Amino acid sequence: MKTIITLMLLVSMPVLAETMEAKRKKAEMIERAQTLRLAAETAEELFENEQVTEACGHVNELFRGLPAHLTSIMSNMNIYDKKVKKMSKEALSLLSDSHALDQRCKKGENFQFVDPAKGEKLMKTTRKTLKRHINVIEDNSTSYNNAYYYNYEFHDPY
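To convert, note that position 125 of the sequence shown is 142 in my numbering; the numbers rise steadily by one, no gaps.
Hints were generated in silico from the structure; no laboratory data involved.
Incorrect hints may appear among the rest.
Derived DMTMM-like pairs (lysine to aspartate or glutamate); straight-line CA-CA distance at most 20 Å [to be verified]:
(1) 141 with 107
(2) 106 with 156
(3) 103 with 71
(4) 106 with 155
(5) 141 with 119
(6) 43 with 98
Since the structure is predicted, the reported quantities are computational estimates derived from the model, not experimental observations.
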């Protein structure tokens, strides 16, 4: 009887460790998405008040955090799930849009190429999308190990 109990404990330990790893990944993903959502929310408020200089700083923060968000979605979640597929497409779209806005922020003098109304609208959409991402991450498993790599070199072209 003792042997059976000991054997069951030995078999159940890796399962428990895997669950702890999945919980850690999930907590990291949620924290990252909340940080990005906060940056988008702050940028939205700053664009609303036409404080473009500070808003562009938050857009840059958002743009620099989105590749890690996308990579964690694609490498830790079930890529065949309909909601996760939608979330990965949205994350790619957010990355593209935030990159375009970040480039407009960096060009020209006195942010002449940045439209605060469009920036506010984009940040509002980003905030809502990231809120939805947080909900999907909370609801789904993060115990998958997919091979997905996204490499983007952040360098200042000027």
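Of the hints stated earlier, which fail here? 3
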